[in-house]
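A.B. asks: Chain by chain, the residues run as shown.
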Amino acid sequence: MTTRRGWTFLTVLVFAVSGCALAEVNVKPPEAGLEKPIPGGNQRQVIVAIPFQEARQSTSRCGVQKGGYGNETAQAVCQGNPTQWIAEFLARELRASGFTVPPSEQGARDSALKVEGVLLKIFVEPVVGFWSTTVESDLNVKLVATSKTGLQAERTFFAKGEKTSIIWPQGIFNDSVERGSRDLLTKMVEAILELMKRYPELGLDLGDGPKLVSFTLETER
Amino acid sequence: MSRWVLVLAVVIGVLGCSTRSVVVKPEDLPKLNDQQWTIKSEPRR
Chain A
-15 MTTRRGWTFL
-5 TVLVFAVSGC
5 ALAEVNVKPP
15 EAGLEKPIPG
25 GNQRQVIVAI
35 PFQEARQSTS
45 RCGVQKGGYG
55 NETAQAVCQG
65 NPTQWIAEFL
75 ARELRASGFT
85 VPPSEQGARD
95 SALKVEGVLL
105 KIFVEPVVGF
115 WSTTVESDLN
125 VKLVATSKTG
135 LQAERTFFAK
145 GEKTSIIWPQ
155 GIFNDSVERG
165 SRDLLTKMVE
175 AILELMKRYP
185 ELGLDLGDGP
195 KLVSFTLETE
205 R
Chain B
661 MSRWVLVLAV
671 VIGVLGCSTR
681 SVVVKPEDLP
691 KLNDQQWTIK
701 SEPRR
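Protein sequence lines, in the order shown, are assigned to chains A and B.
For the first sequence, counting from 1, position 18 maps to 2 in this note's numbering; every step adds exactly one.
Add 660 to the 1-based position in the second sequence for this note's numbering, that's all there is to it.
Treat the hints as calculated values from the structure; they're not laboratory data.
As the structure is a prediction and not an experimental result, all values here were calculated from the model.
Hints are supplied without guarantee of correctness; some may be wrong.
Claimed, not checked - So the derived list for chain B, only partly shown, Cβ under 8 angstroms to chain A, looks like this: (1) Arg663; (2) Ser681; (3) Arg704.
Glycine residues also receive a C-beta, built at the ideal position from the N, C-alpha and C atoms.
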């Protein structure tokens, strides 16, 4: 009888400790991009292919929830499609940097830079420590940059968001993803600026030079 | 019984600190980021 009561107590204790971690976590897209845009776009044209291509090993979840002992207790699932919102965030951030980002490739300049992305990973996971836990978010994207003038370049970006807390409910997951997304956005925008600094003719309207259309001598009036 | 519960709690507590199962260590980040663009074809000038 004593043993049975003990096991009941132990079971209740375990559920009490890990109870808050049993619910599925919904990972939300960040609400905003970078706090301070990175300048340098100078109205040059960049086309962002939305959405990015999907190349994650598992698309059924975006992470895991863990109990106080580091045991996996529930899944974390992405709200919205990350291939869509990461691409949209990049387009929005490029506009904030001063680039012209047309909604589609139609009508774009021949010199425009086209950026296509491949989402390789987005995963959020608590790393449980003795005193506190850090919720870490990994984001991995490959960008392929091309132009009608013949450019073909690619670069892989890996960003991590971290948020440390004593408890780690859904809000901590979202904060971690927001930090990771901002790190990723910073890296991608800086890299695009670097590429366009290397090839300054990209995205420019090469026919925008001064043109003399008509001239009237008005001194005789 | 209470002694065994205590021992179990201590063992789980000590061993419980989790390691990463999918996310990478922060110190591995530089290796996973390309430091520059790989140019496969340059634009015509």
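A.B. asks: None of the hints should be skipped; say for each whether it holds.
C.D. replies: Cross-check of the supplied hints:
Among the interface hints, the one on Arg663 of chain B is violated; its C-beta lies about 11 angstroms from the nearest C-beta in chain A, farther than the 8 angstroms criterion. Hint status for Ser681 of chain B relative to chain A: holds, with the closest Cβ pair at about 7 angstroms, below 8 angstroms. Satisfaction of the interface hint for Arg704 of chain B is found here, the shortest Cβ-Cβ separation to chain A being roughly 5 angstroms, below the 8 angstroms cut-off.
Comparing the model with each numbered hint stated earlier shows that hint 1 is the single one that does not hold.
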